[in-house]
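Novice: Model the full assembly from the supplied sequences, consistent with the hints where possible.
4 protein chains.
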Amino acid sequence: MGSEPTNGIDPEVVRARVEDALATSEPVFGRFFLARLLDLTVTYDDEQQRTCVELPFADFLRNPQGSLHGGVIATVMDISMGHLCHRYLSTAVTIEMQMRFFRPVNGPSRCEGRLLRPGRRIVHLESHLYDEQGRLCASATASWHRLDTDSQSQTPQTVAEPGNT
Amino acid sequence: MGSEPTNGIDPEVVRARVEDALATSEPVFGRFFLARLLDLTVTYDDEQQRTCVELPFADFLRNPQGSLHGGVIATVMDISMGHLCHRYLSTAVTIEMQMRFFRPVNGPSRCEGRLLRPGRRIVHLESHLYDEQGRLCASATASWHRLDTDSQSQTPQTVAEPGNT
Amino acid sequence: MGSEPTNGIDPEVVRARVEDALATSEPVFGRFFLARLLDLTVTYDDEQQRTCVELPFADFLRNPQGSLHGGVIATVMDISMGHLCHRYLSTAVTIEMQMRFFRPVNGPSRCEGRLLRPGRRIVHLESHLYDEQGRLCASATASWHRLDTDSQSQTPQTVAEPGNT
Amino acid sequence: MGSEPTNGIDPEVVRARVEDALATSEPVFGRFFLARLLDLTVTYDDEQQRTCVELPFADFLRNPQGSLHGGVIATVMDISMGHLCHRYLSTAVTIEMQMRFFRPVNGPSRCEGRLLRPGRRIVHLESHLYDEQGRLCASATASWHRLDTDSQSQTPQTVAEPGNT
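Chains as they are written, first to last, in this note's numbering: chain A, 1 to 165; chain B, 1001 to 1165; chain C, 2001 to 2165; chain D, 3001 to 3165.
Some hints here could point you the wrong way.
[As the list claims (entries may be wrong)] Some chain D residues near chain C, calculated using beta-carbon distances under 10 Å:
{"#": "1", "residue": "V3014"}
{"#": "2", "residue": "F3029"}
{"#": "3", "residue": "R3031"}
{"#": "4", "residue": "L3089"}
{"#": "5", "residue": "R3100"}
[What the hints assert, rightly or not] Just a sample of chain B residues kept apart from chain D, beta carbon distances all over 10 Å, derived:
{"#": "6", "residue": "R1015"}
{"#": "7", "residue": "V1042"}
{"#": "8", "residue": "D1046"}
{"#": "9", "residue": "F1057"}
{"#": "10", "residue": "D1059"}
{"#": "11", "residue": "E1096"}
Hints are computed from structural coordinates only; laboratory data are not their basis.
We put the CB at the ideal spot given by N, CA and C, even for glycine.
Specialist: Laid out in structure tokens, this is it:
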């Protein structure tokens, strides 16, 4: 197994990223394997109740056309909203999410999440993804169902199953 | 660096998956790195003009609550629709995608994409994700912008930049 | 006040429609004023758990370009899904709705609603609008929040306030 | 046919509204029949490139539960975005629109539209609806397809058919 580049992807870079993710991941918010594989940095602005998720660029995240894959963008946006919900309201599961794509992303990006409507049961959020030049490249809105307010009828197993609402 | 399990994730399984993806990926539809890392199998029903994308389950794809991460589901659905567009119409870029989550996924799944409205410029598609028991776990609808019908004003560079419409 | 046509709209047709709606409307499902003004006919297929809402065409429903206004389409689709929820599950309020427009509508249309995922708390539905030739002209998907399963914490007033979740 | 109230709706108020709409409507932006029936006032902030659409409350716009019908909200939001597109970019047709409902509306409201991404072919917009107390009651995002940039291949008839893309 050599370390020669494969279609622009340097195998050693991928292997180092994977080993780091294996060594540092835990099944908790902010540190689960996919978040570590993407090398995300999640920070919070507690006064404004916002999250910022930073995503470094990596060749292995490209789509067939060469820019950051839309599924990776969806993953990062989902994380920016889920972490926000978890920190300021309660654990919740995604009901639906809509994503809009404005520009291809070809470098580091950051994703800013904020609450649109923090309802007692249903929470609406939005997230914006910017590139290094500060240009808006994608946006997302989503609704989540809070698990705390229906606690009487939730079993622990159900609580652990996102989406099962 | 040992191969002992980390939070339910077997490092050897992850490493084998990564090496296979490095060895078999190419920057083309169906074989780019992320599609290979997820070990996707894409098949087509040319008569019905449908795609089927099969996704094996893997521990490293779990969210903090333990089931398949919504971002992975988004990635697979996006691929099911992009491949469909590419095979039956033309290369196209995602304008927007909305995803709905019905049930958590905890095993292998398959995603079936079909055309809703194959317009000359704008294409609407939908995709449904089922678990091994055949239960509907998630659905997505999306619109894509075809790049072929505006060819006069598209430069090759623009064609290569998804979302830049 | 004459009955001469105003930009293609026959005032007498509008007045007759309004008088009929005033005479036949009640603040209940299927018979509230807007549903009567649009002259909707709502029918159900109880075996398949589907609704069909028929909308006659009228000149006063045109947009500035001359076809059926998207807001009217949204109204009819919302009704097709709300009535479905109400008949087969419980009263519920719309969390969100996404609509897709495929073709302009210039004549009578019908809207068919069905359940995508009848959850205990969150219900996902979809609706398709067809023209007289049976062509798919628009589609919608939506999620609704059921009010029955949270009955302990709902006051009658809250139940009467759609969207307040 | 008397003018006695029908389920909270004063027939004379409805008739006066209808006569005013018949007398003042024209098949143009801002003055077509539905916009006049809803008694909308559309204003623009040219510096910020925003629209504001004001909607007076009327009993005949209620849903079966008693608040402003979601289809009316959709109509007003669609108008706020279509007018924005028309004034600052070009005529365009709606590809899709997603609406989120946060609070029931029981009085006058105003809807503020702004451009999210004014692309050369695809335009993304958003709109927020506020009640008299300034509370956010609903939001919408949408994508529209501009008709000017594809002018070579558009026939006048196609231009007149929204959604036919």
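Novice: None of the hints should be skipped; say for each whether it holds.
Specialist: Against the structure, the hints come out as follows:
no.: 1; hint: V3014; result: holds, 6 Å
no.: 2; hint: F3029; result: holds, 5 Å
no.: 3; hint: R3031; result: holds, 8 Å
no.: 4; hint: L3089; result: violated, 16 Å
no.: 5; hint: R3100; result: holds, 5 Å
no.: 6; hint: R1015; result: holds, 41 Å
no.: 7; hint: V1042; result: holds, 26 Å
no.: 8; hint: D1046; result: holds, 25 Å
no.: 9; hint: F1057; result: holds, 31 Å
no.: 10; hint: D1059; result: holds, 34 Å
no.: 11; hint: E1096; result: violated, 6 Å
Comparing the model with each earlier hint shows violations of hints 4, 11; every other hint is respected.
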